[in-house]
Amino acid sequence: MTKLPIADCRLSIDEAKAACSAPGPAAALAIALLVSALLPLRAEAQGASDDPSVVLYDTGMASQRPIASQALAEKTGWKAIPEDKLDHKFAGDAVMMNDRLAVAFCAKGGAVNVYAHTARGWAIRASFASSPARAAAQASPPQPAPSRLRVVENNPGAVEVEAGWTGRPGSAFSRLTTGQPYLEVRGGKDNQVLEIMASMQWLVVPDFFGDDLALSDTDLAALRTPVPAERMLLLLGGSGEVMIQALWPSLAQRVEPLQFGDQPVGLRVDCGKDQRVYLALFEGAGLWRQQGAPGGAAAGDWKPSFPAKWRSSIVGPEALCESSWLGRTPAASPSDPRRPCLVYPLDREASTPLTTFTPIDIMRATLGFGPCKSLLDTEGFGSAEEATPDQVMNYLEAQARLKKPNVQEVRTRLAAMTGQVRGAQKRIDVYAALAHDARALPAGELPDKVPPLLDYMGRSLRACPASLCDECEDLARVLGETIGSADPQARLAEPVQAVRRIGLAQNRSLAQCRMTVRRLRLLCEPEPGHPDTVSKTEAAKKLLAILGTVQAPAAATSQTGVRPANE
Amino acid sequence: MTIRLICLCCFLSTIHYPLSTVAAGTIVFCSNRTGAWRIWTAQPDGSACRQLTRGEGDFLEVDPVFSPDGKSILLTSTRGGKAGLWRVRADGTGAERICDGDQGEWSPDGRRIVFRRGEALLVRDLADGTEKRLTPEGFAHCSAPAWSHDGKTIAFACRWDAGNALYTVPADGGKPTKVYDEQGACEPHWSPDDALLVYETEVHLCTITPDGKKNRLLTTFGGVQRYGRFSPDGKSVIFCQGASERGPWELYVIPARGGRPRRLTEDGSDMYPDWKP
Numbered sequence: 001m002t003k004l005p006i007a008d009c010r011l012s013i014d015e016a017k018a019a020c021s022a023p024g025p026a027a028a029l030a031i032a033l034l035v036s037a038l039l040p041l042r043a044e045a046q047g048a049s050d051d052p053s054v055v056l057y058d059t060g061m062a063s064q065r066p067i068a069s070q071a072l073a074e075k076t077g078w079k080a081i082p083e084d085k086l087d088h089k090f091a092g093d094a095v096m097m098n099d100r101l102a103v104a105f106c107a108k109g110g111a112v113n114v115y116a117h118t119a120r121g122w123a124i125r126a127s128f129a130s131s132p133a134r135a136a137a138q139a140s141p142p143q144p145a146p147s148r149l150r151v152v153e154n155n156p157g158a159v160e161v162e163a164g165w166t167g168r169p170g171s172a173f174s175r176l177t178t179g180q181p182y183l184e185v186r187g188g189k190d191n192q193v194l195e196i197m198a199s200m201q202w203l204v205v206p207d208f209f210g211d212d213l214a215l216s217d218t219d220l221a222a223l224r225t226p227v228p229a230e231r232m233l234l235l236l237g238g239s240g241e242v243m244i245q246a247l248w249p250s251l252a253q254r255v256e257p258l259q260f261g262d263q264p265v266g267l268r269v270d271c272g273k274d275q276r277v278y279l280a281l282f283e284g285a286g287l288w289r290q291q292g293a294p295g296g297a298a299a300g301d302w303k304p305s306f307p308a309k310w311r312s313s314i315v316g317p318e319a320l321c322e323s324s325w326l327g328r329t330p331a332a333s334p335s336d337p338r339r340p341c342l343v344y345p346l347d348r349e350a351s352t353p354l355t356t357f358t359p360i361d362i363m364r365a366t367l368g369f370g371p372c373k374s375l376l377d378t379e380g381f382g383s384a385e386e387a388t389p390d391q392v393m394n395y396l397e398a399q400a401r402l403k404k405p406n407v408q409e410v411r412t413r414l415a416a417m418t419g420q421v422r423g424a425q426k427r428i429d430v431y432a433a434l435a436h437d438a439r440a441l442p443a444g445e446l447p448d449k450v451p452p453l454l455d456y457m458g459r460s461l462r463a464c465p466a467s468l469c470d471e472c473e474d475l476a477r478v479l480g481e482t483i484g485s486a487d488p489q490a491r492l493a494e495p496v497q498a499v500r501r502i503g504l505a506q507n508r509s510l511a512q513c514r515m516t517v518r519r520l521r522l523l524c525e526p527e528p529g530h531p532d533t534v535s536k537t538e539a540a541k542k543l544l545a546i547l548g549t550v551q552a553p554a555a556a557t558s559q560t561g562v563r564p565a566n567e
Numbered sequence: 001m002t003i004r005l006i007c008l009c010c011f012l013s014t015i016h017y018p019l020s021t022v023a024a025g026t027i028v029f030c031s032n033r034t035g036a037w038r039i040w041t042a043q044p045d046g047s048a049c050r051q052l053t054r055g056e057g058d059f060l061e062v063d064p065v066f067s068p069d070g071k072s073i074l075l076t077s078t079r080g081g082k083a084g085l086w087r088v089r090a091d092g093t094g095a096e097r098i099c100d101g102d103q104g105e106w107s108p109d110g111r112r113i114v115f116r117r118g119e120a121l122l123v124r125d126l127a128d129g130t131e132k133r134l135t136p137e138g139f140a141h142c143s144a145p146a147w148s149h150d151g152k153t154i155a156f157a158c159r160w161d162a163g164n165a166l167y168t169v170p171a172d173g174g175k176p177t178k179v180y181d182e183q184g185a186c187e188p189h190w191s192p193d194d195a196l197l198v199y200e201t202e203v204h205l206c207t208i209t210p211d212g213k214k215n216r217l218l219t220t221f222g223g224v225q226r227y228g229r230f231s232p233d234g235k236s237v238i239f240c241q242g243a244s245e246r247g248p249w250e251l252y253v254i255p256a257r258g259g260r261p262r263r264l265t266e267d268g269s270d271m272y273p274d275w276k277p
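In the order they appear, the protein sequences are chains A and B.
Taking my numbering, the leading residue of the first sequence gets 1, the next gets one more, and so forth.
Taking my numbering, the leading residue of the second sequence gets 1, the next gets one more, and so forth.
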C-alpha cells in the first residue's frame, strides 16, 4: 500500500463523605446531593488555564469535616510542598489540585474526596477508599479515613500520593496530572478493590457501535451480578450537570455496584496491586439530559450545550437501550413514549473546543486507544484497522477528488476490505452458532433473564446476514471499476454509502453480541458474594460452556496508538 | 476554493489573533486542502496561507523542514513513485531529488541531513553524497530523527515489541542512550537551546530533558495532539490537533510552558509544521 510516508514509529497497533463526626455513606451522599443542588446550574469548568500546573498542598491543620469549597479556593494557611520534595510529613491534610480537579486526603474528616472545579467554586463529586476484600458489596459505615500518606511524585507535571486507610491493610496510589480532568488510582500492596462513592441517577455502559446499557438507581439496587461493562462506564448525576466516568484497562477487572442498605451509593472496581482505575469528572449545565419519561424533560427545542457527538439512548427492558447518535443517525422510535431517553456527549467532533473533554477523549488519554481499536482488538481484528469499510471509503473518496487517482491502490484496498468484511462475518457466525446452541437448552431451567437476552441477540444477528459479504464484494467490484472511469465522483456516492452501511451493521452486530455474551456469562458464572448467580442447573452450566466457545481473542493493550494515516 | 481558504485564514487572523501578539517567522507545513498532500506556507498568525509545491497526480509531499539559512526546504515526496528526499527553494521552485528515504532533517550547518531509509537512520553529506549509518543494527525500527542545535546529538524514536522509546545518539555515531520509553513516545524535537525535547505520546505532547528527567505534559486538551515543534525563539510550540488519531488535523500554537492554544488553520488536514525565523 502506498501510505503517507510519515513517521512509522508506533506499534501497529479514564461531598460524598461528609460532615461532622463521620456519618454513614447514605447521610454523606444526602449532604453531597444537597450541596450539588445548591450549586448553580450553569457551571462551565471546562476551560484552559494560562499557566496549567498541579500542586500538592499541606493544609497545616487536619479538617474534621470535608474541606469546604471556599477553603479550597482561598488556601489560607496552606503550604505548597516544594517540587521534588518527597519526604514531607503532613501537619494537616494533603490536597492535590490542578485547574480542574482537587483530591483531598482528610484523615480526621474521614475520606478521600474528589472535587470538580465549577463556575461557582469547588464541589465534591466522589470519594474513594481501597478495600482488601473482593466480596462484600455493601458499604460499611463509617467509611475509613486515609492514613499513612507518602509523597511519591511532586512536580509541575504530576503529583502522586500513596495512601492507606485506617483499619484496612493495603494502599492505593493516586496520581493527578497537569490540566487533566481525571485521577489515576493504582492499587498498592494488599489492595483488591477500589470503592468509589458517588451520587448517581443513571449508570450507563456506552457502546460506541451497539446499544448502550442504562441502569437506573432502582435497577442498580436490584442488580445481583457485576456490571457488564468493558473498560468504562458513566455515572450521570446532579441536575444534568455532573457526569463521572470510571475506566479500567483490563477486561479481567470487574465492577459491582456498591450498596448501602438498599441504596446504590457507588461502585466497587477491581484494583489489585498495580491495577489501575481512572476517575474522570465532567461538569457543565446541560451536560446530560433525561427526557421522555415522567420526571424527565421534554425534547422540545433542546440543543446540545456544546458541539460533540451526542448519544441518545432510549432505555428499554433489561436496561437495554435503543441507541443512536443525536442528529446523525435516525433516532429509534420508542414503542412506549414513556420510556426515558438519555442524551449525553460521548465523543468529540472537529468543532468540539479543544478545552472540552468527552468520555472518548479520556479513554484515549488513559487507555491509549479509542473505541474502534478497542472493538477490533477485542474481536480479533486488530491488524485490519486500515481495511475497515469506513477507512477504505474515506481513502476512495479522497482519491476520487484527484485528477489522477491511484486506481491500483484503491483496488488493493477494496480487496483488503472485502477480506475484512468476510472476517467480521465469520466472527458473527460464531455468535450465531452460540445463539443456536443456547436456544436448544430448556428455557425453563435457565435464569429468567436469559431468554430475553437471546431474543435481543437474535434480532441483532438477523440484521447482519451472510449475504452482506457477497453484497460487499459486488459493491467493491463496482467501485473498483468506477474509480478508473472518467469523472467517477457522482457515481460513487450510492455504492460508497452502501459499503459504509455494511460496515456499520457488522460493527453494531458484533458489539451487541459481545455485550449479550458478557451479560449471559455474568448471569451464569458462580460469583463469590453473589449466590444468585451460581449456576445451579445443568442447563446453566451448559450455557456457560457454550459461552466459553466465543472467548474473545487477546485484549487490547494500552500500546495501541495508531499513527495518523491517509485521509 | 483556495482563494476562499486564504480569505478565511486572513479573516480569522484579523478577528482572533492580532499580529502584534504573535511571533515572527514563517510556518511551512503539508496540507491536503486542495486534494493531494502538498507543501504550504503561512505566517505564524495563520495568515497568508500559500501553496508552495504543485503538480497533478497522486504523489504525496510531506515532512517539510526549512534549512538553517531559510533558503531551502527539505521534504519527502513520492514523485515518480518512490518515496525520496527532495530539496526545493523556499519559494517552492527548483525541486531536486537527493536520495531515497524520508523524514529528513538538516544539520545545523546545513551541510548534512539525517534521514530514515529502511527503518534505519543515516547521515548524508550533501556535498559529496556519502552516507553513514547512524543507528546500530539492533535498532530495527527507527524513525523521526532530530538534530540538536549544537550539532552534537541526534534524537530519534525506536519501536520495540514492548512499545516506543526515545533515544539520543552522538551525531557522529555511537551507542544510543535511552531518554524515555513509556506511553508510545515518539517524534522528538529539540528546543532552540537544546535543553528540552518536545515529543508526542499516544494523545498528548510532552516535554522532557534529554537526560530523561523533568517529564511534563505540555498539551492538556481533548482529542489528539501530534508533531510538536518549538518556535525559533523557544517561547511557543506549534502542533497538529485532531479530533481523533485519524484526524482531520489542524495547526495550533501553544506557549512552550503550556496554556491556552491558538488555532492557525482551518479546513482540510494540515500536518508536519516547521517554523523558521
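Calculated directly from the structure, the hints in this document are not laboratory data.
Owing to the predicted nature of the structure, the values given are computational and were not obtained by experimental measurement.
Among the hints, a few may not be true.
[What the hints assert, rightly or not] Not the full set, but computed from the structure, chain A residues with beta-carbon under 7 Å of chain B:
#1 W78
#2 G157
#3 G179
#4 R348
#5 A350
#6 G370
#7 N406
[Stated by the list, open to error] Pairs of lysine to aspartate or glutamate, DMTMM-like flavour, derived with a Cα cap of 20 Å:
#8 K276/B to D233/B
#9 K214/B to D51/A
#10 K82/B to D109/B
#11 K213/B to D455/A
#12 K108/A to D51/A
#13 K235/B to D51/A
#14 K213/B to E153/A
#15 K214/B to E349/A
#16 K213/B to E349/A
#17 K403/A to E56/B
#18 K214/B to E153/A
#19 K82/B to E409/A
#20 K404/A to E56/B
#21 K214/B to D455/A
#22 K303/A to D274/A
#23 K189/A to D274/A
#24 K235/B to D172/B
#25 K152/B to E182/B
#26 K276/B to D150/B
#27 K71/B to E119/B
#28 K214/B to E409/A
#29 K175/B to E119/B
#30 K542/A to E409/A
We put the beta carbon where it would ideally sit given N, CA and C, even for glycine.
Okay, the hints, checked on the actual structure:
1. W78: violated (23 Å)
2. G157: holds (4 Å)
3. G179: holds (3 Å)
4. R348: OK, holds: R348/A within 7 Å of chain B, min 5 Å.
5. A350: holds (5 Å)
6. G370: Result: holds, 6 Å to nearest chain B Cβ.
7. N406: Interface hint status for N406/A: holds (4 Å vs cutoff 7 Å).
8. K276/B to D233/B: holds (10 Å)
9. K214/B to D51/A: holds (17 Å)
10. K82/B to D109/B: Distance ~28 Å between K82/B and D109/B Cα, so the pair is violated.
11. K213/B to D455/A: Violated. K213/B to D455/A sits at ~56 Å, over the 20 Å cutoff.
12. K108/A to D51/A: Not OK: K108/A and D51/A at ~32 Å, beyond 20 Å, violated.
13. K235/B to D51/A: The hint holds at about 14 Å.
14. K213/B to E153/A: holds (12 Å)
15. K214/B to E349/A: violated (33 Å)
16. K213/B to E349/A: violated (35 Å)
17. K403/A to E56/B: holds (7 Å)
18. K214/B to E153/A: The given pair, whose Cα atoms are some 11 Å apart, holds under the 20 Å limit.
19. K82/B to E409/A: Given pair K82/B, E409/A holds - Cα atoms ~14 Å apart, limit 20 Å.
20. K404/A to E56/B: holds (7 Å)
21. K214/B to D455/A: violated (56 Å)
22. K303/A to D274/A: Violated - the C-alpha atoms of D274/A and K303/A are around 42 Å apart, more than 20 Å.
23. K189/A to D274/A: Holds - the C-alpha atoms of D274/A and K189/A are around 8 Å apart, at most 20 Å.
24. K235/B to D172/B: The given pair, whose Cα atoms are some 30 Å apart, is violated under the 20 Å limit.
25. K152/B to E182/B: Violated, because 25 Å separates the two Cα atoms, which is more than 20 Å.
26. K276/B to D150/B: holds (17 Å)
27. K71/B to E119/B: violated (29 Å)
28. K214/B to E409/A: Since the Cα atoms of K214/B and E409/A sit roughly 45 Å apart, the hinted pair is violated (cutoff 20 Å).
29. K175/B to E119/B: holds (17 Å)
30. K542/A to E409/A: violated (48 Å)
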